[in-house]
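Visitor: These are the residues of each chain, in order.
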Amino acid sequence: MFSFDPYSPAVDADPFPFYKTLRDEYPCFWSKEANMWVLSRYADIVTALNDWQTFSSARGNLMTELPNRAGATLGTTDPPRHDRLRGLVQHAFMKRNLESLVEPIRAIAKETAAPLADLRQFDFIEDFSSKFTVRVLFAALGLPLGDEAQVREKAVLMVQSDAATRQKGPEHIAAYNWMQEYAAKVIAERRANPQNDLISHFSMAEIDGDRLDEREVLLTTTTLIMAGIESLGGFMAMFALNMADHADARRQCVANPALLVDAVEESLRFNTSAQRFRRCLTRDHTLHGQTMREGDFVCLAYGSGNRDERQFANPDVYDITRKPKGHLGFGGSVHACLGTTIARISVKAAMEAFHEVVPDYRRVQEQLPWMPSSTFRSPLRLELARI
Amino acid sequence: MVMVSFVEPGGAEQQIDVPEGWSLMQGAMSNGVEGIEGECGGSCACATCHCYVDDAWLEKLPAAAENELAMLENVVAERRPNSRLACQIKAGAALDGLRVELPEAQS
Numbered sequence: 000m001f002s003f004d005p006y007s008p009a010v011d012a013d014p015f016p017f018y019k020t021l022r023d024e025y026p027c028f029w030s031k032e033a034n035m036w037v038l039s040r041y042a043d044i045v046t047a048l049n050d051w052q053t054f055s056s057a058r059g060n061l062m063t064e065l066p067n068r069a070g071a072t073l074g075t076t077d078p079p080r081h082d083r084l085r086g087l088v089q090h091a092f093m094k095r096n097l098e099s100l101v102e103p104i105r106a107i108a109k110e111t112a113a114p115l116a117d118l119r120q121f122d123f124i125e126d127f128s129s130k131f132t133v134r135v136l137f138a139a140l141g142l143p144l145g146d147e148a149q150v151r152e153k154a155v156l157m158v159q160s161d162a163a164t165r166q167k168g169p170e171h172i173a174a175y176n177w178m179q180e181y182a183a184k185v186i187a188e189r190r191a192n193p194q195n196d197l198i199s200h201f202s203m204a205e206i207d208g209d210r211l212d213e214r215e216v217l218l219t220t221t222t223l224i225m226a227g228i229e230s231l232g233g234f235m236a237m238f239a240l241n242m243a244d245h246a247d248a249r250r251q252c253v254a255n256p257a258l259l260v261d262a263v264e265e266s267l268r269f270n271t272s273a274q275r276f277r278r279c280l281t282r283d284h285t286l287h288g289q290t291m292r293e294g295d296f297v298c299l300a301y302g303s304g305n306r307d308e309r310q311f312a313n314p315d316v317y318d319i320t321r322k323p324k325g326h327l328g329f330g331g332s333v334h335a336c337l338g339t340t341i342a343r344i345s346v347k348a349a350m351e352a353f354h355e356v357v358p359d360y361r362r363v364q365e366q367l368p369w370m371p372s373s374t375f376r377s378p379l380r381l382e383l384a385r386i
Numbered sequence: 000m001v002m003v004s005f006v007e008p009g010g011a012e013q014q015i016d017v018p019e020g021w022s023l024m025q026g027a028m029s030n031g032v033e034g035i036e037g038e039c040g041g042s043c044a045c046a047t048c049h050c051y052v053d054d055a056w057l058e059k060l061p062a063a064a065e066n067e068l069a070m071l072e073n074v075v076a077e078r079r080p081n082s083r084l085a086c087q088i089k090a091g092a093a094l095d096g097l098r099v100e101l102p103e104a105q106s
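Read top to bottom, the protein sequences are chains B and C.
Residues 0 to 386 in numbering that gives the first Met the number 0 are what the first sequence spells out, letter by letter.
Residues 0 to 106 in numbering that gives the first Met the number 0 are what the second sequence spells out, letter by letter.
Looking from chain B toward chain C, a few residues come up when the C-beta cut is under 8 Å (computed):
1. A42
2. Q89
3. Q310
4. F329
5. H334
6. A335
7. T340
Partner residues are not named here, just some residues of chain C that face chain B (Cβ under 10 Å, in silico):
8. P18
9. S22
10. Q25
11. N30
12. G41
What the hints contain is simulated information worked out from the structure, not anything from laboratory work.
Using N, Cα and C, we set each Cβ at its ideal position, and we do this for glycine too.
Could you put together the complete structure from these sequences and hints?
Guide: Structural data, given as structure tokens:
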């Protein structure tokens, strides 16, 4: 009897064989372990993303939601509230408004990569990507320096879940609470001394004359910090893993860094870190002969849609010439990732600088330690050795 | 399915069956239309799915909402009275046969 348990370490390590069975045999599958439906085909996921009136985000979007978060963030509200909330922050994330960050990000990348020159073997995450992402986020949000290591540690912990209990464990909730307290301190500081940065604007913004409520300010800021550090770092680790495993692609990108742009898109398709998000049905809905009921949760398995042979030819082949337009690596439609541009700029800058210092390398670990998470997928350590 | 014609800047025309409820941007992207970039993924945040809607169809479309009008100020090609963002137009039976032209540049 087939089962799909997004809390299982086997799914953390390699969800793709499960996804194939889901797409081919159970395209609308009830996972009793997750207590929700699972949609795995590209077309079904895109349709659900568009139909937010039926597939609502208002009861949370993380597979294992954090307490008291649903309804107070961009990812956990529906239009029109969502659109107004997003309107307040999105101008800061638009390409033209990020141009001024390109050079600082490149400088951070070079500085972070420089110490690797002395190492024959290292952990890509501890020694490079975690240091890089936290500094980029602090620069982008204008956060005061000093707490970077702790902020990163908590951001990574709060997205995890406990495989045995299928819930957030006390350590995950403690990390989430720590992050909220940290965000509250930053908000209070910015209100006292407003600056021309995102958090200052956001913490004092009004929507149609209504001030945002305190929970929205706090949890949206908390989520931006979590996403900026954990999601960006998780994807960077997946990208480095793909580069380490595919020597031809790596050597092409080292010889011609412009190719990194296409390689990043292919990695977003091939193994996005944002594997699964969820929605909640606002009405009964029938798909592939199954009737899902109002109030049921539905998992949208982006990582599976990205490997759907109905959409992408030879989906299990990593091919940097593919240009996989329309991939689901950032989700899609109204809730598509806010940080697409800064993520693309950052990953390219980081890997360009990394390749200047470490031009050829291989993976050391045969088995990777995967993060226990029902939503995201990335290794906790990625040891690389120079060739 | 809703048949939509996308005319690339060079004049090449592609007819695509867009599933009902999908945006024109998603229909174009998932079928490899070159002239649409859709960088933000459809959240009306980048203005890289700019298109010119054939005049005959313009009045059949729901009017652009405030966020689309604001984002249209960011298109890099000429903005015309029939400029729209393809991510904000949802395919429905009333749009079967719609024809849109794509600008010279999106970014």
